[in-house]
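Trainee: Can you build the whole structure from these sequences, using the hints too?
Residue numbers (the numbering used here), protein chains in the order written: chain A, 1 to 309; chain B, 310 to 618; chain C, 619 to 888; chain D, 889 to 1158.
Treat the hints as calculated values from the structure; they're not laboratory data.
Each hint should be verified, as a subset may be incorrect.
Taking beta-carbon pairs under 7 Å as the criterion, some of the chain C residues facing chain A (in silico) [as the list claims (entries may be wrong)]: (1) L661; (2) S662; (3) I663; (4) L664; (5) L832; (6) C835; (7) I837; (8) G838; (9) L841.
According to the in silico footprint, chain A covers these stretches of chain B (three or more CB under 8 Å from chain A) [stated by the list, open to error]: (10) 509–515; (11) 581–590.
The beta-carbon is built from N, C-alpha and C at its ideal position, and this holds for glycine as well.
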Amino acid sequence: MSGHVDMRVTLAGMTLRSPVMTASGTFASGREYADFIDLERLGALVTKGVSRNPWAGNSGPRIAETAAGMLNAIGLQNPGVDAFCAEDLAWLAGVDVPVIVNISGHTVDEYVAVIERLEEEPGVAAYEVNISCPNVDAGGMAFGTACAPAEAVTRACREATSRPLIVKLSPNVTEVRDIARAVEAAGADALSLINTLLGMAIDTRTFRPRLGRVVGGLSGPAIKPVALRMVWQVAGAVAIPVIGMGGIRDAEDAAEFMLAGATAVAVGTANFVDPTVTMRITDGLAEFCRSRGMMRVAELTGAMRPHCA
Amino acid sequence: MSGHVDMRVTLAGMTLRSPVMTASGTFASGREYADFIDLERLGALVTKGVSRNPWAGNSGPRIAETAAGMLNAIGLQNPGVDAFCAEDLAWLAGVDVPVIVNISGHTVDEYVAVIERLEEEPGVAAYEVNISCPNVDAGGMAFGTACAPAEAVTRACREATSRPLIVKLSPNVTEVRDIARAVEAAGADALSLINTLLGMAIDTRTFRPRLGRVVGGLSGPAIKPVALRMVWQVAGAVAIPVIGMGGIRDAEDAAEFMLAGATAVAVGTANFVDPTVTMRITDGLAEFCRSRGMMRVAELTGAMRPHCA
Amino acid sequence: RIEVVANTQVAPGVGLVVFHAPRTAASARPGQFVHVRVSEDSLSILRRPFAIHRVRGERIEVLYQVVGVGTRQLAEATPGTRMDLLGPLGNGWRIDPEVRHALLVAGGLGVAPLGMLAEVLAARGVAVTVALGAASEERVVGRDVFEAVARRVEVATDDGSCGAAGPVTGVCERLLADEALDVVYTCGPEAMQRIVAGQVAAAGIPCQVSLERLMACGIGTCLSCVAETAEGLKRVCVDGPVFDATAVRWESAPGEAVAAAKSPLGGSRV
Amino acid sequence: RIEVVANTQVAPGVGLVVFHAPRTAASARPGQFVHVRVSEDSLSILRRPFAIHRVRGERIEVLYQVVGVGTRQLAEATPGTRMDLLGPLGNGWRIDPEVRHALLVAGGLGVAPLGMLAEVLAARGVAVTVALGAASEERVVGRDVFEAVARRVEVATDDGSCGAAGPVTGVCERLLADEALDVVYTCGPEAMQRIVAGQVAAAGIPCQVSLERLMACGIGTCLSCVAETAEGLKRVCVDGPVFDATAVRWESAPGEAVAAAKSPLGGSRV
Ligand SMILES: Cc1cc2nc3c(=O)[nH]c(=O)nc-3n(C[C@H](O)[C@H](O)[C@H](O)COP(=O)(O)OP(=O)(O)OC[C@H]3O[C@@H](n4cnc5c(N)ncnc54)[C@H](O)[C@@H]3O)c2cc1C
Ligand SMILES: Cc1cc2nc3c(=O)[nH]c(=O)nc-3n(C[C@H](O)[C@H](O)[C@H](O)COP(=O)(O)OP(=O)(O)OC[C@H]3O[C@@H](n4cnc5c(N)ncnc54)[C@H](O)[C@@H]3O)c2cc1C
Ligand SMILES: Cc1cc2nc3c(=O)[nH]c(=O)nc-3n(C[C@H](O)[C@H](O)[C@H](O)COP(=O)(O)O)c2cc1C
Ligand SMILES: Cc1cc2nc3c(=O)[nH]c(=O)nc-3n(C[C@H](O)[C@H](O)[C@H](O)COP(=O)(O)O)c2cc1C
Ligand code: FES
Ligand code: FES
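Mentor: Okay, structure coming up:
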């Protein structure tokens, strides 16, 4: 229960009911979670990655459990933007929650094509551009791991829309602040981070990789310290708001990300462990603020104190 | 009990009794562990980081526990190479185990100075150069996060010694294979990885960072998937042997690293949880091989099979 | 959170746990599963999927084989322990009203999702014949459950210590010849289900199989659990676990990696 | 691994756990601690340090306050549970043979490492006076232990519900004036120990304090637990936890971050 704490946050021109959003690819388009939670209490619903044409994804096994986390190599399986509009967006039209569509592409043109198609749709509040996708023009190395391609995708997407543009950063880089600044300069309205850390696991019984694609993305509580560090670094390096994610499973985790400078947070893997976790976090955050006499959850953003000041 | 499995591995010209080594900074110089294990059963004992002059390290708190891991910001506290020789090496002279000294420095000259001093000492089997130290000449950014400085340190150290030279790589990079190749080209005899991932934690009660230095190094089971991925990538990219580490806590973990291409493994944080863990892993690895009819532990190195071949 | 009311070993490394789960019990259909969070503070954060073996009033029974950390923790759960449990999940077996005589073929712990099915079929007056395969006599589980309701129960063990010696697929072959069957339901290692599916197809009758995949969410959102079928990629957790044998693209079968590596079903050769 | 033989609540949020630990019990000295691996599969992988409160034959007693995940798990441990336990660790209190009369000053759970000390001092014929501070009467723990062996036991509570109202440092001040003391031993929140150290210094007698730091290894290898002293950085786990009050550089005190944030000792104002 949110009680008297004002849970609203403003992000890239949007006023969200709460800072608690869903992380792309861990919530589909929300339909399955409607049996467990009130979707309309989410700050925003971020959809799974959508590409211009259907993507088949990777052959299995697609996940592997690791200590305090999991690896996934789903491969952005999705039916393509047309099917997404016909099915997912149509269903979401009946839900009063800001819909942020996560965009995938192998080339700059593919990203732009998805946005152009979605511009026809009224039910899209914002775009989240996933620059962790393999850049085929650059030999599969992710767009998000160098400034130039990250900037190129961002600029092209920026030119394709006047809707809020969020760019989602990859953590698999030497200096995330450089990418963040490049993306900000290219016109992003907000940044979300982190995407998964590239990892691997081997089955010592079969001597084979646990994932069909050998390597995959690490998510869950295990990556939280790295995510929090990057959110703190980026929030201090750019002027646009940051959406923090990576291993969040309770209100304390969410508060940590906001204290580090995040305006909002997204919950991913924890939805698999507890489908109601986003509501627990929303209520917990309100209680966290109330018990500290904070009237607005937004006061948490960047409120970390220097050590032993 | 090792039974009939040949546990020896050869690394950078050294023949080690076992592939199980200790990870720098988690074992001091072994003295404290002598009460718990037979140090002479270790493949090698890697000492804490040693610098030319004494380093005071960071003010506390110096550690923070995280999900399946811990953050540390010890700051390479050490008494300097002279005191290290007088105390640690003197004590180690009485122990029949290959001693690998881990080297720290803020400048290339500092690294070289440590090696020059240690060249006078007979009891040093090899050097492990920690290039994760802040490079003061380059504004504190770690030597290990770019090819040029990594290459410079390696080349200078190479010129200072004919003893086996191991360079320890940082995982906080976009493409660890590039650094690995640069270091190999500069004359390293072997590579060890991974060092800790840069992370952070905030105390939601005090709103202050949990570490005095705000950010610190993440270690423990949480980082194993990232470590394993990097070891696999690097083993496939260089011709010199790789020492794998990151979250190893049992024989299965050690086997995973060897299957991914590591010639030997190092155990760090797990020593804090169980001071006898290196012996459990050594015995467990022997049993792992025996139960699979492998006569030599070295057969594990790079033995990962392609998926569903 | 759901209470464990009993937890006993029924065969070497195999346990039967009973949960007091009124809501799940009330809506469960044969072939569905529950997704269990065995421990809250474990290094293993994901839920574990288990078939609903039987329903008894407000209780559900789960048969489990200890293969790793989660099932080990489950084996240690004492009565009174509470666990977070999602379910019933999945589609469950399709029961065609026309059916008069059904054959159930189980390999190893493949019996798990077939117990309730046998009871429900019998209750509807369907004749039930069962073929049970296991490594050895002591590993035959659930036999009593089937004998209580089945017209005929045939056992096959790898070592011949009970029933016919050899794989359960041999018994299946024979029963397909002996009996006038309208449908075959099978669960077990994917390799065994595949053979059964072939035998049943040859006999020209419908066959339903129950697939197994690694699962994160269990409710259709993460796409961890997909299987290739004639209608494209399907999510085993919501579009399955039960599929028409003819629709399954066995050749793809990433499940074999799972089965071979981990499956309790894969555990016992059949 | 060591067996829990008893585990009871002795005050709100405070428990007393008894371990059957023959080897530890045989070699333990007052002021030492054990490093406990409360759970093996927990998301929290590190051990937790706890003072040895008392030794009874082959058993050791540990007083703990529930402040987080590890102490919560400890509070849930039932008799028969086994835990991996390292110790005795640390230097322990120094006992000067000349001493005739000692004052023990405890704040909150600072009583933990002082129980065995009081007993050992009394057994050696040393007169023992004790000042106990707690938030309220129900939070005064270990009083019986001290009353059994001490010449005098004074209590101070923040709310005055028992003994003098106010901080235990007030009682300490008074006892320093009243009594002819040779040494003072104190444990509690760092801020309180600091005040006591000042009072004792003014009285011109020696004072030993017991510091608290976050610890990983507990055996001197990781340098997590260092404290600044007159002789430079010292490792609290092996060079401490007991230090001469005069040697401690309080101003550094990273421990305050710990104390403020987490310490059960820090928990109760004194
Ligand atoms: C729909 C369905 C129904 C099932 N019903 C039963 C049943 O009734 N009885 C039974 O004993 N087992 C059943 N299984 C298999 C069971 O889920 C696994 O044996 C169990 O998850 C292993 O967990 P663990 O922690 O012991 O093993 P670990 O190897 O430690 O598990 C590691 C990870 O792999 C997953 N995993 C391992 N093996 C399997 C597997 N065979 N299938 C799916 N995920 C796996 C775990 O869930 C976990 O995420 C079923 C699986 C599915 C998909
Ligand atoms: C030498 C020594 C003796 C101690 N003796 C006692 C005792 O007798 N009784 C008692 O109740 N407590 C004692 N403490 C404090 C006790 O170790 C912590 O309360 C306990 O570790 C908290 O663990 P947690 O998982 O419940 O808390 P969490 O906050 O979940 O712990 C997180 C991490 O911080 C560490 N930590 C948290 N608080 C402290 C603290 N105050 N000191 C050191 N590490 C901490 C934990 O060990 C763990 O690594 C002692 C500490 C030290 C250093
Ligand atoms: C199964 C799975 C699928 C994901 N799919 C996407 C995706 O399509 N697009 C994207 O930008 N991120 C995707 N992610 C990354 C998450 O959105 C999130 O950034 C990451 O998992 C870290 O958060 P968490 O630890 O809370 O899961 C996916 C993560 C998982 C586990
Ligand atoms: C407390 C601590 C101190 C460390 N000190 C050093 C060091 O001095 N030099 C170094 O190269 N690595 C150091 N490391 C990194 C470890 O050697 C190892 O690379 C890393 O912890 C990953 O392995 P692990 O997960 O098994 O601990 C330290 C790690 C820890 C936890
Ligand atoms: S397990 Fe998530 S879609 Fe099936
Ligand atoms: S805790 Fe490791 S040195 Fe003290």
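Trainee: Hint compliance check: list the failing hint numbers for this structure, sorted ascending.
Mentor: 11
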